[in-house]
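**Student:** Each chain, written out:
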Amino acid sequence: MIIYVVIFSILAVLLVASALFAIIQKDLLYAVIATGVISLILSVMFFILQAPDVALTEAAIGIALTTIVFVITIRNTTRNEDEKEINSK
Amino acid sequence: MKNIIVIALLLVVGFYLVDSFNYIKFGDNRLGAPSDEKTVGAYYLNNTVEKTGVANVITAIIVNYRGFDTLGEVTVLFLATTGLGSILYRRRKEGEHEERVTKESSYLLQTGSKILFPFVILLGIYVFIHGHLTPGGGFQGGAIVATGFLLMLIAYKNFKLGHNQLTWVESLAGITFVSIGMWGLITGGTFLENSFIPKGTLNSLFSGGIIPIIYIAVGFKVAAELTGVLDILLSIKPSKIKK
Amino acid sequence: MNTYFVVLLILFGGAIISFAINKVSYLLSGIVAFIATASATVFFYLNVDTDNFVQFSLAGFDFQWGLNSLSLLFTYIVLGLGTLATLYSIQYMRFKNNLGYFYFNFLLGIGSMMGILFSQDFISFFIFWEIMTWSSYLIVVYNGNKTHKIGIKYMIFSGIGAYAMLMSIVMIYADVKSFLIADYIDYISQVGLSGHYLQIILLIVGFGVKSALMPLHVWAPKAYANSPMGYTSLFSGALSKMGVYGLSIVLLSLLTNFNTGENVSLGGLFEGINAEFIRIIVQWLGAITAVMGTLYALKQNDAKKLLAYSSIAQLGYIITGLAIGTELAVMGALFLAVLHAIFKGALFMAMGAVERQAGTTDMTKISGLVRKMPFTFIVTLMSIIALAGIPPLGGFVGKWLLYEGMITSGHYFLVVLIFFSSTAAFLYCYRILFGIFLGQEEKETINVREAPISMLIPMLLLAILTMVFGTYPGLLFEPIANAMSYIGYNDVVWEMSTISNVWGDKVSLDYVSLTIFTVFIVAMIFLTIKNYKGTRYVTTKDISTSGEMPTENENLTFQLNFFQPFERAVAPLYKRSMDKIYNTIGESLDALFNFVRTIYTGNGQTYALYVIVFLVIMLIFKDSIFN
Amino acid sequence: MVISPVHYIAVPLLAAFVIPLFAKLNREFVRIIPGIVLLYLSYVSIVLMNQVSSTGTISEVLAGWAPPFGINLVFSAFSGFLASLMTFMGLVIWIYSYRFKKIDDEPALKFYVLFLMLITGAIGIVLTGDIFNLFVFLEIVGISAYSLTSFYRNRDGAEAGFKYLLLGAFASTLILLGIILLYSSIGTLNMADIAQKSHLIPTSLKVSIFILFVVGFGIEAEMFPLNGWAPDAYSQAPGPVGAAFSGIAVKAGMYVIIRLIYTLFDIEGSFQFLIVMGLITTIIAEVSAMKQTNLKRMLAYSSIGQMGIVMVAFGIGTREAIIAGLFLMLNHAIIKGLLFLSSSYLVYNDDNKLISSLSGLGKRLPLVSFLFALGAFAIVGLPPFSGFWSRLYLLLAAADKELIYLIAIILIIAVIEIVYYFRVINKLYFKDIKVKSDDVQKPSINAVISMSILGILIIAIGIYPDLVTSYLGNAADALLDKAGYIENVLVDINN
Amino acid sequence: MDFGQYQNIVTISVYGSAIALILIGLYAVLIKKNLIKIVIGLSLADAGIHLLFVAIGYLKGGTAPIFSPSVVGENVTMVDPVPQALVLTAIVIGFAVTAVALSLVIRLYKHHNTARIDQIKSLKW
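Residue numbers (this note's numbering), protein chains in the order written: chain A, 14 to 102; chain B, 342 to 584; chain C, 32 to 658; chain D, 1393 to 1887; chain E, 10 to 134.
Just to be clear, a hint being listed does not mean it is correct.
As the list claims (entries may be wrong) - If you want the ones that stay clear, here's a sample from chain C, every Cβ over 12 Å from chain E, calculated:
no., residue
1, Phe74
2, Asp82
3, Asp93
4, Ile212
5, Thr357
6, Asp393
7, Val550
8, Ile630
9, Tyr631
10, Ile643
11, Ser655
As the list claims (entries may be wrong) - Residues on chain D that point at chain C, a partial pick, calculated with CB under 8 Å:
no., residue
12, Leu1413
13, Leu1417
14, Val1607
15, Arg1815
Claimed, not checked - Computed list of lysine-lysine pairs in PhoX-like fashion (alpha-carbon distance at most 20 Å, straight line):
no., chain 1, residue 1, chain 2, residue 2
16, A, Lys39, E, Lys42
17, A, Lys39, E, Lys41
18, C, Lys208, C, Lys127
These are calculated hints, taken from the structure and not from any lab test.
Even for Gly, the Cβ is constructed at its ideal location relative to N, Cα and C.
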């Protein structure tokens, strides 16, 4: 019992921490991976909260597909958040 | 300055959210007494097994009680594919839809993908076939299948997805879903009514009437749609790198 | 079928037919328009019946159409002038484009004016009023390009007026639960005016715009001057009279304390102000309109504009007369209203003829047309005599009654103003005559010819009418007396061709006219014979200034700065133009609007921020918003 | 098969799934099938509207589970009126876009599918009786709208689409939060059930939920200051889509706001709130429209302004005001539809859609210009066109409640409208011709037909408003009859 | 699952982290200039919403709402299945919106050559 509580609290802290990391991180690829981590943590939390269906969905869609879509986008655009202003046209 | 204002604003929002959730105690039993069927959740828990013959209540809700939502949801994905196609559309003559511009990946990855691919697909199909029995179902299974295709798309430059097949799978699955729904209407019942296929015994593969059929259709459709999304995204020609 | 429906059907149907038939032949369009108005006129006066009311219901409201003696009086103006103006337009518009469009709106205008006169309820009144407005707008901008600012200005003011009226109408409906004008008059006479001051004021604003009352007149001069003249004669003659018609309902039926004999207080915000006060305001506005209109008319070099300002001034007289509200004043005002339609119609047509034949109506550019266009000259001469109020033509009778009415009711200062403006009217009338017709001929006008016969006929008819009404004003007194008895002035005294003054002296007009005409004609014959030979032509623009450039101060060409000394005397009055005030308002609003739209910054993030700000505001103030 | 409200959703969905297959046979099917579907739905509308007027509200149960356990569709005189209006507008816009030159062959499939789904989603929002289902339909509308906004590649469509999406995502976040709070406090998602039980929620929480919903749906309903997306989206979307936004999508958002206030929550002050928000929306939008140089953008702001007036009408809340509001919605759909449709031909070849490029087009495109002018006359409320009656009804309803300031503001706004619409008309007709006759795009025959339908309707309703007023009266009664709504939906549970 | 006397801690961690996630996501949407960051913010806010959904469905001592052979016939408490069903839908919809958003980002980047939102405002006023 207590172990779940501990795990849960740690996960919650991790969740917020990686959310902050995702926001602060200038390298978008790391930020995206942080969101992937958030999905992972979430799906564990869902599992603990007795929602296996949701956990599975979050795992399949949140961790894998969303991250991939983000990565593809980054590859097609820019990896650095503070890209230099480009005036050449 | 703007930072501070925004943080202040968000804190106010947060305060009111917390305030609101004070009314909603975590873990309280809000379903009411088990016999009180006026609460929607309680009704589902009490009646699902008996009335639909499905073990997984969530599946019953998704596919049957709130099947209309799911129809909408599938449509949303379908629209996302269509929309993506229209947003990222390039005329053929510009030669961008033809091939993906990924580098040939390593031999290791290629082999690994090749070995993993059937298993992933199989896992996905298993998940959506057993949606009414175990956790998981059409969406999860579909997503897993799409992941399998993703592996192949990344690993092999020349891995061609048959657009025709994708369209067929997607359309046929969608048509199945709606037709089963319409069949209920035609037979004099209501849209999506679970009446014309026997319910079967609980916890066996062939149970739940139309529920597994629809969930399988959803699985195929979601798989096709997600794969389609990935395919479109992976076919974009990366813009020239600006220094 | 009912008379009203048939008349409207003929006019609106004619509008559509003449629009469609323009594809076949441009001449046909005008002919159809003429036939439509003429047949509507004939049909209407054969079947006219003032007691016939039609009721029907549409969209949940009760409508009533009918005629009363007052509106009957105005139908003479609309249909008479309308028929003549269409006849005039056939030739006048002959070589222009988009005739289908022109006649469509023309007939729509006539039809909607008839509709206004038929309407016994506010809502159909308003509907026809608006149709009249936009159809006239479409003609104002007909000449294209330069006119679009004028058109917008016209539409803005019309919109303000119409919506003021609409606001009043819905407030009336909320009070009375009926749109019938008669019901409202009953209601007001029962409960008094208190609490209804806003409705009355808004109605006055609404009608005031159309009748070009200060300070709502700024649209009028250019709109009059820039429409095709065939229409302007109707515009200034009949369309503006719709405003007068409305004002006569408000001022004479609603604001009256002659019927009830009490001095009703308006209460509320307007504590201490009563019906009499509003009337006084309107009187003064009318008088000021008259004076300002005249002063501005003096300044104009373009005959069309001059006449436009003159129209404003004339409408000022009429409104002042109505607002004074004694029997004589009202009679004079209504008489002038009809007469103004006649002579201003004739004048605008004459100017149209000049414009069509000579290419311009700028008085500095043409002169000496009297030999080329004698009939036009005669029409102009007679109309101008009528306009200036010189006996024996009709204008004299109207002004005479008006002065009498004002003097007997003790409005001495107003008399001074009106008299001043009337005197000044002599000046600009003279200018038209002199500038265009008299003087020496210019090279440019060598090839000018007289206008075609179908244009002359309506002009001459109108000119003759001014003479007839000047000699036998009783012909017009009869319907006016009927109209006034409808409003509540019982036992109006009138005689066929005799008018009296304050002291009871009577003048027989037919003898006066006869004498004057005899003298006039003899003089004309004499002058013609005398001047026939021996005329020497010197072109006026061939000025030698010893090699120096002439400046404007040196009054070298007599047509330019005709009234410069006079203008200098009244210059301070010109400075405070309403136009400038409106422009300033417009510009500041423009700047404000430009500022407001920067709310939409174009940055999606800002929009998102708006959402959060809005959410936060709602959450914080949720207790006070949703108690 | 009995015709029932679910046809509104199921048939278009089926069509949307079928179209990609048929497209392989013949590409023409892509264009035809949506038309067939919309025609069929128009037939359904007629049948159901007749049924409603004779037997009263139809509440259709889906999947055999009676509400609140299953999802249901409610076809009342009110929601039915809106659904029929949307179907009709959809049909007209389809006729228009059938040969719209700018939708070339390849993405035509996507265009028509998205367009069909936009209509279906909006109708779904109006018909559904379940708040979460409503959210799903909202997302259907949203995703198709984002994609359609950015349909053209050669313009700033993507920018407009992204702004729309950003705010739309905000909206869904807020709505989901509202649904969470709502479900956890009364344990139901059915709207009739919510209406029945909403008094059980503590007031403070109820108001919070209400605020979340209003802000969320207010984004779709173009309420100020939530409408930043609208001018961009309207001006960048293809012509027919702009018409569909103003005629169909926005109506759905407005419907939800109305439902929230009239049926779901019984919150004091919400009516006044709606009036104030409506007025602010209208004033800001019309003032912004004044100075626009871009024709489409001007129309967009004008559209927002009209929706603000609709809000005002529903905020007044009397039966007359509701009739006025519905009439305004109807007029806004057909008139703004006509304006958007005709304006796309007017600025066909000008990428910036500048009003100044219209100079003298009245001569080059006489019919289109005429229809545009007709629409402009109608929208500023000149009689004898349909816009006049709705405005009159609204003013009368306001006068009845003695809201004098409201009348004054509405009329001042009308004057502003006159200024900017007549500026365009002046440009069209009374300016020198600048364009060569080759440079204008002549409207195709089906575009002419669809615009003429709208034009004729504007005149017909204007001359004889009784054509629609009886429907509007029934609809207003249906909206006001909250008890009847609950009873109709929950007939099995409560008895 | 029953957290017993530690219920409060779990309450705070669930509600706290969910609301924190929403607020952090919104913060990113409102402050970050980079389009991709904005989309990340949106998906964070979405994730928070999903967590909240599951949290309100949770019931002290409840098990997953699946009548697997082991629980049939026994008297078990189950968590509320409705929010779970809803969140499933919400997740899929969220993915769809994210995909569309990102495709728009790609197009915007190609069009404007930048992914900074404050430089993409050719449509304004």
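**Student:** With reference to the structure, classify each hint as holding or not holding.
**Tutor:** Comparing the hints with the structure gives:
no.: 1; hint: Phe74; result: holds, 56 Å
no.: 2; hint: Asp82; result: holds, 60 Å
no.: 3; hint: Asp93; result: holds, 47 Å
no.: 4; hint: Ile212; result: holds, 46 Å
no.: 5; hint: Thr357; result: holds, 58 Å
no.: 6; hint: Asp393; result: holds, 43 Å
no.: 7; hint: Val550; result: holds, 72 Å
no.: 8; hint: Ile630; result: violated, 9 Å
no.: 9; hint: Tyr631; result: violated, 6 Å
no.: 10; hint: Ile643; result: violated, 7 Å
no.: 11; hint: Ser655; result: holds, 25 Å
no.: 12; hint: Leu1413; result: violated, 38 Å
no.: 13; hint: Leu1417; result: violated, 42 Å
no.: 14; hint: Val1607; result: holds, 5 Å
no.: 15; hint: Arg1815; result: holds, 6 Å
no.: 16; hint: Lys39(A) with Lys42(E); result: holds, 11 Å
no.: 17; hint: Lys39(A) with Lys41(E); result: holds, 10 Å
no.: 18; hint: Lys208(C) with Lys127(C); result: violated, 49 Å
Hints 8, 9, 10, 12, 13 and 18 from the list above are not met by this structure, while the remaining hints are.
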